[in-house]
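Model the full assembly from the supplied sequences, consistent with the hints where possible.
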Amino acid sequence: MQLNAKIPAGPLEDKWDQHRFDMKLVNPANKRKYTVLVVGSGLAGASAAASLAELGYNVKCFCFQDSPRRAHSIAAQGGINAAKNYQNDGDSVRRLFYDTIKGGDYRAREANVYRLAQVSVNIIDQCVAQGVPFAREYGGVMANRSFGGAQVSRTFYARGQTGQQLLLGAYSALERQIGLKKVAMYSRCEMLDIVLVDGKARGIITRDLINGKIERHAGDAVVLATGGYGNVFYLSTNAKGCNVTASYRAYKRGAAFANPCFTQIHPTCIPVAGDHQSKLTLMSESLRNDGRIWVPKKAGDTRAAKDIPESERDYYLERKYPSFGNLSPRDISSRAAKEVCDEGRGVGPGGLGVYLDFADSIKRLGKNMIAERYGNLFEMYERITGENPYEVPMRIYPAVHYTMGGLWVDYNLMSNIEGLHVLGEANFSDHGANRLGASALMQGLADGYFILPYTIGNYIAGAKLNPVTTDHPAFAETEREATNQINQLLQINGKRSVDDFHRELGKVMWDYCGMARNDAGLRTALERIPQIREEFWRDVRVPGSGTYFNQELEKAGRLADFLEFAELMCHDALMRTESCGGHFRTESQTEDGEAKRDDENFTFVAAWEYKGVGTKPTMHKEVLEFENVHLSTRSYK
Amino acid sequence: MKLKLHIWRQDNAKTAGKMVSYDANHVSPDMSFLEMLDVLNQELITKGDDPVAFDHDCREGICGACSMVINGIPHGPQRATTTCQLHMRSFKDGDEVYIEPWRAEPFPVIKDLAVDRAALDRIIAAGGFISVGTGAPPDGNAIPIAKEISDLAMDAAACIGCGACVAACPNGSAMLFTAAKVSHLNLLPQGEPEKDQRVINMVAQMDAEGFGNCTNYAECQAACPKEISIQFIAKMNRDLIRAKLREGNNAGSGKTGGA
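So the sequences go chain by chain: A and B. The numbers in our numbering rise by one with no breaks, and the one at position 482 of the first sequence is 482. The numbers in our numbering rise by one with no breaks, and the one at position 238 of the second sequence is 238.
Everything labelled a hint here was simulated from the structure, so no lab data went into it. Careful, some of the hints might be misleading.
Think about it this way: if two alpha-carbon atoms lie no more than 25 angstroms apart in a straight line, the pair counts; the simulated DSS-like pairs of lysine-lysine are [claimed, not checked]:
hint : chain 1 : residue 1 : chain 2 : residue 2
1    : A       : LYS507    : A       : LYS555
2    : B       : LYS195    : A       : LYS213
3    : A       : LYS555    : B       : LYS47
4    : B       : LYS47     : A       : LYS495
5    : A       : LYS367    : B       : LYS147
6    : A       : LYS60     : A       : LYS252
7    : A       : LYS182    : B       : LYS147
8    : A       : LYS507    : A       : LYS102
9    : B       : LYS195    : A       : LYS181
Being a predicted model, the structure only gives us computed values, none of them experimental.
This is the structure:
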């Protein structure tokens with residue numbers, strides 16, 4: 001396997017401009033002769049599908065949800081970053097670039113991240129033009145806030161619904177193209193596999209979730225914008241339907257999977273309430289702007305929060321990281337919460353929680369101001385927990401939230417399979433080992449609106465694409481394999497439900513490949529996962545048949561892929577003996593418990609090549625070169 | 001606590017459905033409504049029965065996928081709350097709970113509690129957008145927008161497209177949904193150039209899908225998990241009348257229902 005990142009030569013600031021000039025163009029009259037298959041309709045998928053259709057390509061877009069507007073991008077609450085410097089507080093493209101590289105703990109490509117910072121300003125303009133109702137000041141200009149570890153105010157937001165509003169913008173552009181018949185939309189339609197012809201991505205196999213029909217779709221390029229794999233942990237903040245199937249199938253067909261162990265744990269989620277828990281709910285990190293995080297100083301202190309005097313509280317983030325305090329980056333805040341809970345100082349049922357306390361802010365700013373800023377979040381918290389956060393502190397605990405790893409892509413967002421492009425959270429991304437708050441929306445839209453529409457033209461213009469129809473034997477063969485798996489799942493008729501297996505897998509992953517990882521734990525996980533997988537294929541019960549709306553069958557297919565993918569994650573985590581970003585190896589820490597990076601040995605992207613189920617994959621290295629930033633130890637003290 | 005559930009079961013749009021009763025014997029007040037159904041489904045699967053199909057995804061009240069009429073009220077008894085965010089502490093031991101799908105002709109049942117809401121997407125495709133391609137729009141601050149206008153547009157834009165308004169309406173009207181979408185864009189200066197055509201086309205599509213008309217029951221507003229106000233319906237009607245007057249005699253589609 002050859003990995004060529006194809007980073008353009010020249011100074012950092014000029015790479016993208018020069019590359020845009022160097023890339024080949026497709027003649028406007030010829031674009032309608034090409035078909036692009038876009039899988040996923042979140043920010044990356046919808047923006048790409050709409051933009052490609054506007055350019056004149058024929059587009060088919062697929063989503064498993066009942067409407068493209070429901071993709072999980074909608075759940076992002078806090079905001080989207082852009083280097084507009086509207087606040088005159090010292091922001092710039094270079095600073096956003098630097099913050100993102102540093103925040104990612106120096107495990108992302110300089111050229112990609114710089115380009116991301118450059119196009120961030122266009123994203124805001126594009127979204128405003130579409131009618132996204134960003135918050136405004138009284139003078140009519142756009143409002144900004146500082147967010148999740150940034151020292152400038154560069155985050156744009158639309159109440160607590162930024163993701164939803166940005167997706168509605170992209171979705172409206174997509175619906176416009178659907179109305180113009182330039183995009184054919186396939187909702188409630190799941191991609192089962194990718195079809196390669198002569199080594200190029202030329203089609204996909206899908207299943208219509210309503211009637212179970214397996215269908216073939218041929219095209220000139222395939223775009224995967226299928227999100228992250230956080231649900232490998234069963235409990236995460238991801239929507240229930242989020243899955244790794246599209247990415248994992250591409251991996252099994254030869255696409256390299258990069259840095260799968262880089263997962264982000266979000267510090268502010270509502271703690272688990274019981275065995276029935278089906279997902280975890282994120283509370284926007286913006287709450288940390290005004291909430292103070294603390295636990296009792298004494299282990300096993302069961303007094304109510306209000307009965308614990310100030311002198312017996314430990315505001316541990318403020319104590320350990322005085323300059324960033326409660327706004328310390330996500331990975332650091334999450335680990336600190338785990339630490340205090342491991343010491344027996346956690347609060348709430350099961351001791352897996354810490355307080356996020358607004359009492360001081362309410363005293364300082366008044367209840368009304370706090371209600372204006374966070375009213376909807378407070379209501380949501382009360383609906384879920386039955387507790388009123390104006391009266392008692394919130395309880396929060398970290399949860400799996402975002403996955404930085406994903407399919408390996410070059411500078412053009414193309415994987416090592418020709419014609420297979422990967423966008424948004426599904427690619428291994430610009431976030432390195434840790435993503436900054438409000439940067440996921442930025443990356444999804446950058447990929448879809450402003451990068452792929454250029455680079456895919458370069459691919460199509462340069463690739464010699466022979467006409468391929470769904471009658472090609474590769475389609476028949478791939479379809480046969482997909483159908484076989486479905487039949488196999490339906491025939492097992494065992495005793496345990498899909499969810500039962502998924503919970504078991506999730507627990508293994510959380511215990512051994514979660515917030516803190518070590519050699520022995522990962523080896524345990526690598527023993528356990530194949531056992532669970534073997535039992536799944538022997539004893540799972542998938543009721544009914546494949547010819548109607550069968551949600552258990554959908555879940556079973558997704559879990560089958562998670563059960564293989566989990567092993568890949570553990571291999572990656574085991575190989576990377578350093579701690580960096582969201583990946584914390586207990587063997588690699590400083591004396592005071594901080595993550596210790598190993599730049600000498602690990603300044604690379606680990607891209608894994610599939611070698612068969614249960615066989616250790618082969619690792620390929622893409623060495624990361626840093627010419628514009630100096631690798632420093634991330635310190636938020 | 002223990003509950004008696006009565007759930008609508010239907011194989012698909014072509015077959016008749018019926019209410020079937022189930023006992024839920026291990027319900028914790030901390031469960032969400034959907035988690036209570038998850039537990040029921042696990043029991044059904046173990047027994048070899050067919051689990052209840054229902055739409056859901058984010059389970060945090062924002063994607064708009066979940067769609068159940070609970071004891072006659074879309075999304076259940078709690079104000080401004082989607083089904084997925086409704087928790088079992090809203091019920092008490094021994095309660096009987098009736099669970100049905102959204103009922104409206106343009107929402108055919110797919111299975112049990114899941115319905116097809118693609119009609120709402122088609123209303124958007126008819127005009128719920130600003131015709132601006134990806135490219136070089138003006139700077140985001142080039143058009144100042146008064147905070148009150150921006151906030152009002154956001155109030156309308158907060159609609160999550162769940163369809164509870166349709167399910168709540170005795171007429172099966174999608175006026176609240178359509179009005180929210182029209183108003184969001186028509187309030188903003190960016191939406192101004194296409195204002196008239198937008199409202200005409202979206203209302204026409206709404207009618208073509210078979211949604212009913214608005215007769216001011218205001219049930220939609222009461223059921224809306226995002227508390228969208230029916231004032232937007234009045235605003236849409238004003239926009240529509242003005243658009244029709246400006247359109248003159250020739251260009252009309254001839255069908256102006258909804259106003």
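Now for the hints, and whether the structure bears them out:
no., hint, result
1, A:LYS507 x A:LYS555, "holds, 18 angstroms"
2, B:LYS195 x A:LYS213, "violated, 41 angstroms"
3, A:LYS555 x B:LYS47, "holds, 19 angstroms"
4, B:LYS47 x A:LYS495, "holds, 9 angstroms"
5, A:LYS367 x B:LYS147, "holds, 22 angstroms"
6, A:LYS60 x A:LYS252, "holds, 23 angstroms"
7, A:LYS182 x B:LYS147, "violated, 36 angstroms"
8, A:LYS507 x A:LYS102, "violated, 31 angstroms"
9, B:LYS195 x A:LYS181, "holds, 22 angstroms"
Hints 2, 7 and 8, counting from the list given before, are not met by this structure.
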